[in-house]
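Visitor: Sequence:
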Amino acid sequence: MAVTTTPVNSELVLVLDNGIGSSGQQLIRNRAYGDVKPEALDDNVYQVAQVILDLQDRTALAIHRQDTVELTNA
Numbered sequence: 026m027a028v029t030t031t032p033v034n035s036e037l038v039l040v041l042d043n044g045i046g047s048s049g050q051q052l053i054r055n056r057a058y059g060d061v062k063p064e065a066l067d068d069n070v071y072q073v074a075q076v077i078l079d080l081q082d083r084t085a086l087a088i089h090r091q092d093t094v095e096l097t098n099a
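For what it's worth, this note's numbering labels the leading residue of the sequence shown as 26, then goes sequentially.
Think of the hints as simulated: they come from the structure by calculation, not from any bench.
One should not assume that every hint holds.
Pairwise CB distance ranges (calculated) [as the list claims (entries may be wrong)]:
#, residue 1, residue 2, range
1, T97, E36, 19 to 25 Å
2, V33, R56, 17 to 23 Å
3, Q50, D82, 19 to 25 Å
4, T30, A57, 38 to 44 Å
5, I53, L96, 29 to 35 Å
Yeah, the Cβ is synthetic: ideal placement off N, Cα and C, and Gly gets one too.
Please model the entire structure based on the sequences and the hints provided.
Guide: Now the structure itself:
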């Protein structure tokens with residue numbers, strides 16, 4: 026049985042430092058940007074993330090790309 030994957034959607038998620046909580050833990054804020062073309066190159070998505078981060082007051086902790094694929098039995 027062969028399974029085929031078909032890209033459906035992709036999303037850029039910026040993980041940002043949101044300060045320190047009252048009990049001393051680091052607070053994290055996620056900013057999600059949807060409708061990223063699944064065929065977009067990782068380098069291009071990263072460059073867009075860098076431009077967005079230049080506009081942010083918060084420090085970036087991570088840049089994530091979340092891809093959704095459909096699995097079908099071929």
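Visitor: So, for every hint listed, does it hold in this structure?
Guide: For each hint, the structure was consulted:
For T97 and E36, the hinted distance range of 19 to 25 Å is satisfied, since their beta carbons lie about 21 Å from each other. Roughly 22 Å separates the CB atoms of V33 and R56, a value that falls within the hinted 17 to 23 Å. For Q50 paired with D82, a C-beta distance near 20 Å keeps the hint of 19 to 25 Å intact. Between T30 and A57 the Cβ separation comes to about 22 Å, which falls outside the hinted range of 38 to 44 Å.
Range check, I53 to L96: about 30 Å between beta-carbon atoms, so the 29 to 35 Å window is met.
The structure is inconsistent with hint 4 alone, although it conforms to all the rest.
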